[in-house]
Amino acid sequence: MQLRDLTVLKSNGRREDFDRTKLERSVKIAVQKRVSDAERIDQMISGIVRRLESLGDAEVSSKQIGEIVMETLARLDTVAYVRFASVYRNFQAVDDFDKFMAELRPIAKGD
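All residue numbers for the sequence shown refer to my numbering, where the first residue is 10 and numbers rise by one.
Hints are computed from structural coordinates only; laboratory data are not their basis. Even for Gly, the Cβ is constructed at its ideal location relative to N, Cα and C. Accuracy of the hints is not assured; some may be wrong.
Distance ranges between label pairs, derived from CB positions [unchecked claim]:
1) Ala47 - Asp107: 14 to 20 Å
2) Ser95 - Ser70: 19 to 25 Å
3) Asp107 - Asp14: 21 to 27 Å
4) Gly65 - Val88: 32 to 38 Å
5) Glu76 - Asp51: 16 to 22 Å
6) Val103 - Asp51: 29 to 35 Å
7) Val103 - Thr16: 19 to 25 Å
List time: in silico DSS-like cross-link candidates among lysine-lysine, alpha-carbon distance up to 25 Å [what the hints assert, rightly or not]:
8) Lys72 - Lys108
9) Lys42 - Lys31
10) Lys31 - Lys72
11) Lys72 - Lys19
12) Lys37 - Lys72
13) Lys19 - Lys31
14) Lys19 - Lys37
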């Protein structure tokens, strides 16, 4: 399975070709002013792409991509993880952040 053959199934049912540039843009926004090592960011993005390729499917859901990105960001930088999650999960109010942070606290503490 080559990445250029990967199709993304969007939440609205549309399908589109996987776009690494779109992934890079999303990750770079999340890590902006947090992680300045460009090589580390590129390695992270390449790792995400390899995971997508290793799924072996011609089609991957945008939800799968988002979950992989969040999992990877959580290991890299908690603030970047929260930033990405707030957009990915479409937080609309402070309560959305509160609920998410309540779930995150035990994970961040290693409980």
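We went through each hint and held it up to the structure:
no., hint, verdict
1, Ala47 - Asp107: 14 to 20 Å, "violated, 33 Å"
2, Ser95 - Ser70: 19 to 25 Å, "holds, 20 Å"
3, Asp107 - Asp14: 21 to 27 Å, "violated, 41 Å"
4, Gly65 - Val88: 32 to 38 Å, "holds, 33 Å"
5, Glu76 - Asp51: 16 to 22 Å, "holds, 21 Å"
6, Val103 - Asp51: 29 to 35 Å, "holds, 34 Å"
7, Val103 - Thr16: 19 to 25 Å, "violated, 37 Å"
8, Lys72 - Lys108, "holds, 20 Å"
9, Lys42 - Lys31, "holds, 19 Å"
10, Lys31 - Lys72, "holds, 15 Å"
11, Lys72 - Lys19, "holds, 8 Å"
12, Lys37 - Lys72, "holds, 19 Å"
13, Lys19 - Lys31, "holds, 14 Å"
14, Lys19 - Lys37, "holds, 21 Å"
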